[in-house]
Structure formats: structure tokens, C-alpha cells
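Participant: Using the hints provided, position chains B and C with the ligands relative to the given structure of chain A.
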Amino acid sequence: MDVLIQTLVSGILIGGIYALIGLGMTLIMGVMKIINLAHGQLMMVAMYITYMLYEYLHLDPYFSLLIAMPVLFALGALIQKYLLNPLLKVDSILPENQVLMTVGLAMVLTEIIRFIFHSDYRSVKTVYSNATLYISGISFNVPMIVAFGIAVLLSAVLFFFLLKTDLGKSVRATAQNKDAAILMGINAEWITILTYGLGSALVAAAGTLLLPIFYLFPDIGGPFTLKAFVITMLGGMGSTVGAIVGGVVLGIAESLGATYISMALKDAVAMVIFLLVLIFLPGGLKTLTKI
Amino acid sequence: MSFFETRHLTKHFGGLTAVNDLSFQVEKGEIYGLIGPNGSGKTTVFNLITGYHPVSAGEILFRGAPINGLPTWKICKLGVGRTFQVVKPLRRMSVLENVMTSAFNRTGKKSEAMDKAMEVLEFCELLKKKDYPAKGLTIGDRKRLEIGRALATGPELLLLDETMAGLTPQEQTAGAELIRKIRDSGITIIIVEHIMHVIMNICDRLLCINYGQDIARGTPVEVANDHAVIEAYLGKE
Amino acid sequence: MKLPRWSTLIVIVLLLAFPMVVPSDYYRHIFIIALMWVVIGSAWNLLAGYTGQVSFGHAIFFGSGAYTAGLCASKLGISAWWGMLLGGPVALLVGLVIGWICFRLRGPYFALATIAIGEIFRLVATDWRSLTEGMEGILIIQTFRSKIPYYYLALFLAGASVYAIHRIMQSKWGYYFVAIREDQDAAEAMGISAFRYKSLSLMVSSFFTGLAGTLYMNYMAFIDPHVVFSLHDVSIMAILVAIIGGVGTLWGPPAGAFIMVLLQETFRSAFFGLFPPWVSESHVLVFGLLVIFVIRYMANGIVGDWPKIQRLWTRKNPMLPANDGN
Ligand SMILES: Nc1ncnc2c1ncn2[C@@H]1O[C@H](COP(=O)(O)OP(=O)(O)OP(=O)(O)O)[C@@H](O)[C@H]1O
Ligand SMILES: [Mg+2]
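Protein chains in written order, with my numbering: chain A, 1 to 291; chain B, 1 to 237; chain C, 1 to 326.
With the rest of the complex left out, here is chain A:
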């Protein structure tokens, strides 16, 4: 029983961080109608930024959020403005050109990082890295709790932004119906730039929060891109609430899988579930209005 509860607790805690990854992806999928195959790689870049700040300036990883998020926001916005948006004007055979562009981006980001840092494993060991709380026999890893709290806070801010601010409403309108949004005077191009920036900043936050828990290496991005898809699909095809649900579900499922099934097959199980959801719970991109 204790093992089960312990497993659930760690699953939920990591799920909170996964939710941030999913939220970023959902925003991008909703507004641009593309899948972002560079999502995990953007997260990896943020992790290296945080790592450097820690290694050379001795900044606390949580403090680095304030740097990593804006930097990734800018990176994402630039990518959207100069690499993704121009493709809309080109008449190309494959409508998936933007998706293929994100593949190229993923490769470039990974390889630049590998060039600088090589393939070595790195980690950030803070004083509280191994700190643990015990509440009635269940252990709570302190960095995970802090990360979970920050993730919840950021999600709340995002919801406030989307539901209450004019800009946020424009984002939702664009996601729901781009043409109508343009007719209403919304600058859709600027919204896409903002959205990709926001998505990148959110996944940057997730990366920074994960850093004290995970080992860091250049190829860590790929698996997280896949996780991002699983989260977005699991949670109901692109809705923001769904992304949070999906994040927590994946967190729990992984944690249960690691405890009760073999490590290798657990990933395969996640993919099978993903496929089943993709095929049997269709509905396309239900976007942010599904809140």
C-alpha cells in the first residue's frame, strides 16, 4: 500500500511539471495547427542555460527561471517570426512544411548544444537536491514539491492571462478560428509569434524545474518531445485543462510503470496508449475554448 501511495505521490509531483510541457505544446498546436517537433529540444536548451548559470554564476536554478523563461520566449518568438511564419507564404507541396522545419530546428538545437557541451552527462546538485520530507511514512522530495508548486503557480498565471486579458482572449480567438480572428482585427501573425514564445517559455520553465531532478545531456530533448505529444493527446486533444490532466496522468502512469512493469516496456506501453487515444478518441484540435 505504502509503495502504491509513494508511487502515486511521485507521479503527481512530476505530472505537475509535465503539465507545463503539455501547456506549451497545446498553445502551439491550438494556434498554429502544427505539431512542434522541437518542443523537447527547446526545453533542453533552457536546461543548459540554467545549468550554465548555476555552474558559472552559482545562481539557484529556481532563480534562473527568471532568465531562462524570457530567453526562451525570445528564442521561440524569433523562430516563429523568421523561420515558421514565412513558410505560410510559400506554396509548397507538403502542407507539413512547418512541422518539417521544426525537425530541422530540433537537430540544430541539439547539435549546437552537443558542440558546446559534448555528450557528457551533467547535473545540478544543490544543497536541497536530496532533501526529503516525511509525512506519515511517505517521502516527499523537496525539489519536486517546490517544482510542483511553481508549476501550479505558472499554470494559474497562464489561465488568468488566457481568460482575463485582451491579449489572452485574442490568442484563444485565433486558436478557435483564425480567419474570423483576422476579420475582427486581430494581428494573427503577431499572435503566432507570441504563442510560440509563450510555449517555449513554458517548456523552459518545465526544463528548469526538472534540472535538479534529472541528468542533463544533449539528447534529452527527443524523449521529451514525445512526452509532450503523449500529454497533449491524453488530456483531450489540445485543451489547456486537458494538458494539465494529461501531464498528471502521464506522470502517474510512468511512475506506476517504473514500479510495476519493466523499464523498457513502460515506454512502449505509453506509446500504445497514445496511439489508442489518437485513433479512438478523435475530435481533432479542440482548442482553448474547451476550458
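Fair warning: there could be bad hints in the mix.
[To be verified] Pairs of lysine-lysine residues, derived as DSSO-like cross-links and limited to a Cα-Cα distance of at most 30 Å, are as follows: (1) C:K75 to B:K128; (2) B:K135 to A:K33; (3) A:K89 to B:K130; (4) B:K129 to A:K89; (5) B:K129 to C:K172; (6) C:K308 to B:K129; (7) B:K181 to B:K130.
None of these hints come from the bench; they were simulated from the model.
Please read all numbers here as calculations on a predicted model, not as lab measurements.
Facilitator: Okay, now just chains B and C with the ligands, sitting in the frame of chain A:
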């Protein structure tokens, strides 16, 4: 038994009933007009007939056999051709290739498909533009291509959805001429059109719907003078 | 771009003569690999470039072919060459099943599904040790010491696949494939079963990709799940080969295959030893930059945008008077 008929055809989109208990019969060789204000459900009727949407209730019979539930391509194979209100040219193919692709519906041989396509292009007066890429056509020619493609599938029943919207008056006259020619070649036609003088001139019978329900039917003159029809188009006094 | 008949002939003659003229096993090896990628890239292009279904899972078929050949040797104790007969059909059947599962999805959702299935294949092949030997892989003994037989086999496969695809695209299937790519709804209204013809396209595509896998097994004599079911090194590489060369063109993927393999080899060897060794680490980076550049400025690839490239070149000569003759 009618050549084509619908029985109590109904379609719900969530809470919206786009087509509501609609029954009508079309006889072989006639031009049957389907009219109604914007959003009254005309295109939805076509989408139901051709299997793009599953029907919520009711039946569709073509030559006495039910066709609802069949996939779109099978309905085409049975002999129901259609055009789209929002034209869908195969953009990176030439005009000829567009029509040839349709012509493959009745043959596997490239030479036969080519012959059929040339025949149809001549019929639709598109022969001169056969090597143009479809994406470069004017709206009038796109509408013609749409018709040509439907014709090349070898239909017995042709559904035309606003093939004359956005055309110049001359093009409209030519279009009406073309539609009559198609009928004279033995193809039955159901036509959706907003341009009244075209409808009044070429249709044998008319059905007017509003909010997916039929409100009047009969000869063009009867329908044009129907109180409910005038109300639907002009609003209640 | 259509290659005129005579330049096609020259290319064929050059490729036939190549291993005789160039005595280096190293270059023969590079060409064998490039020819293998001609097969895979062309196969991917049939499904994605012509039929419009972007797959991120062609490693599934490559791996299925390779493992069919490998298992012939390791489990059945027969020559891995039998895999050349079986591998194509096995991959085709896998393609049939995957199409049945995935073709209810459109666009990016189809792409996602193929990623997921690719991962499932890799993970299961890694875990199912009793069948696949897991990460230990399957090792066989090469039949020939010389590269020349493998070279001609690869050349034959490349030629056969390009020619087959050329013939398909001239037939009813070809018209139907492109119609589905251009507008699936319109295609259905023209009497085309999108599901059936997408499946046919996928089956042909997986068949040739599977054949390339059997060639790989026989030639390289070693496979493991992370090599042949690799998302990056096979599935994405197939995409890169096609988009660099030009999707939806017959000669794009073959051109892309040679460009990519030569580029990879040039960087991997740090320009054949001319440059310092760190250059050799940058070959994936170069791929990535090339992809970004091509998608951004040559959306139809090098072959597809060839006229544009030519124009660029002629305009770069402002010194030439416009009307030379007058
Ligand atoms: N796929 C769909 N999902 C939801 N609602 C739909 C769908 N297609 C049509 N509708 C709705 O059904 C109603 C009828 O639409 P339809 O396109 O059939 O009208 P129409 O008579 O063809 O109009 P128009 O003359 O403007 O072409 C409209 O209210 C429309 O919004
Ligand atoms: Mg309509």
C-alpha cells in the same frame, strides 16, 4: 419508383438541425432546383447525398436502392457526381490531368481516360486551357472545371452547388446553356443556385427550403409566387 | 525537372562503370549506402511527396526488412539472402496493417501516429530478446569479401524502385495518389477511395523500404534495434533525403540521397582529413542547417526548384547585357 428520392432526411449538427425531415423525388432527365436563403441547408443536403456526412435520420434512394451509409467514393461509382460550392481544383495538376483523374472512375486505361477527358473538356469549352495548371484559372474557369470533373466521372445524377455564383452575366448565360446541354445528354441534374433568372429558366421543378425544412415545391412560377417563399427571402412583413 | 533521356542514360552508364573505374572500396561503400538511400528516399517520396501522407515511421519498414533477413539467418539457419525475397513482402504486410490503423487520421495526426508506432517497434525489438537478441543485435557473416556484388545489387534495387515509381506515377494509381494529396475531399467525390489508395501507396513504399532493409542486413552483416528502427537515423533521414532533393519529383530523392550521404561522409571524415577532427562532429548540425535552409528558401527541394536556382545564377551575372544579340 423515382429515379432519386430522399425520405424524411434529417441532419443534426449538435443542437442545430440543418436538414429537417426533408422528402423529395427527382425523375430521370429533369433539372430539379433546390433553393433557399443562405444557411438553409442546401449544401448539407448535397453532403448527405454524397456521404460526406452520415445522416441523422431518413433514407436516400438512388434508382430504388438506399445509398445512405455508403462511402463517398462508392456513391460516385454508382453514378452520382457533384461539384463543390467552394471549388476544389487539384491545384498542382493541369486542367487535363484534373479531368483525367475523374475519367479513371470508369476505366483503368490511360488512353481511354485521356479520350474521355478531352471529350468532356471540349463539351465544357475548356479545351484551349487544358494545359493550364488548375491553380492559375479564373473563377469562371474553375467552376467549369468543377463541372467537367464531375461529368468525367460518368454520372447519371449530377449535383451542382452554386456553379454560377461569382460569374459575369455572360458567363452565367453560357453556364445555363452548358447545364441544359448536360441534361440533353441524358444526365439528371439537381441544382442549387441563388441566381433567380437562371433557376427560373432552366429548372423543370423547384424545391424551396428554409431552416432545413421544405416550404414550397412545384414549377418555378408556382414557387416564385409562393407566399412562404417570398417571406423566407424577404422576411416577414 | 524531367531528366532528358540522354542524361538519364549517361547517369546509368556512369553508375554502372563506377566500381570498375574507381578501385577504392571506401568510395564503393559510400556509393552503396547512397544507392540504398535512393531506394528509401524514393519510397518515402511515393507516400509523402506524391500521396501527401507524411510518415515519420519509415524505420518500421526498413527494420522489418532487415530483421526478416537477420532472423532468416539467426533463427531459421538459412541464408540471409532469403530475406531479400521475404523482407519486401513482410514490410508490405506491416505497411498494410499500419495503414489500416493510421489512415483514419489526417495530416499531422497521421505523422504523430507513425512516430508512435516507430517507437513501439524499436522498444519491442529491444525488449523481445528471445526473438531479436535485443541490443546484442544480429551478426552474420558477409557472403562476399568484395564490395562489387553489393554495389550492383544496390544499383539494381535503386534503379528498380525509381523505375517502378516512375511507371506507377504514369498510371491511374499515380493520378489518384496526387489527387489525394491535392484534396482528399475532392478525390473522394471523383470516385477515389482515399483509404484504399493511400494504403496501396504505403504498401509499395513499405515494400521498397523493406527491400532496402534486407540489403542493409546482408551488406553490413550486423543490425540492432537502435540502428534499423532509429527515428533519427532512418525515419527522419528518409524525410531529409526527399525534401533536400525535392518532394513530389522523381529525381529529387535520388539527388537528395547522394547529396546527403556525400555530405555526411565529407563532414564525418572532416573533409577527408583536411580539417581538424572537431569538424567531424558537426555533420548532423550541417544536416539541420541544410534542412532549415532548404525549407525556408527552396520549398520544393533542389530538383523541384531547379529552375529557380538556375534563374538565380543567371541573374547573378549583371555584367551580361540583356540583349546580347543587338
Ligand atoms: N460541418 C458542419 N458542422 C456544423 N454545422 C454545419 C456544418 N455544415 C453546415 N453547418 C450548418 O448547417 C446550416 C446549413 O448550412 P449549409 O451550408 O447547408 O447552407 P446552404 O443552404 O448551403 O447555405 P449557402 O446558400 O450559404 O451556401 C448552417 O447553419 C451551417 O452553419
Ligand atoms: Mg451552400
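Participant: The structure should be examined with respect to each hint, and the outcome stated for every one.
Facilitator: For each hint, the structure was consulted:
1. At roughly 64 Å between alpha-carbon atoms, C:K75 and B:K128 are farther apart than 30 Å, so this suggested pair is violated.
2. For the hint pairing B:K135 with A:K33, the CA-to-CA distance comes to about 24 Å; that is within 30 Å, so the pair holds.
3. With a C-alpha separation of about 27 Å, the suggested pair A:K89 and B:K130 falls inside the 30 Å cut-off, and the hint holds.
4. Only pairs whose Cα atoms come within 30 Å are accepted, and B:K129 paired with A:K89 is accepted, the gap being roughly 27 Å.
5. Restraint check: the Cα-Cα separation between B:K129 and C:K172 comes to about 22 Å, which is no more than 30 Å; the hinted pair holds.
6. Only pairs whose Cα atoms come within 30 Å are accepted, and C:K308 paired with B:K129 is accepted, the gap being roughly 25 Å.
7. Using a Cα cut-off of 30 Å, the hinted pair B:K181 and B:K130 holds, with the two alpha carbons roughly 21 Å apart.
Hint 1 alone, counting from the list given before, is not met by this structure.
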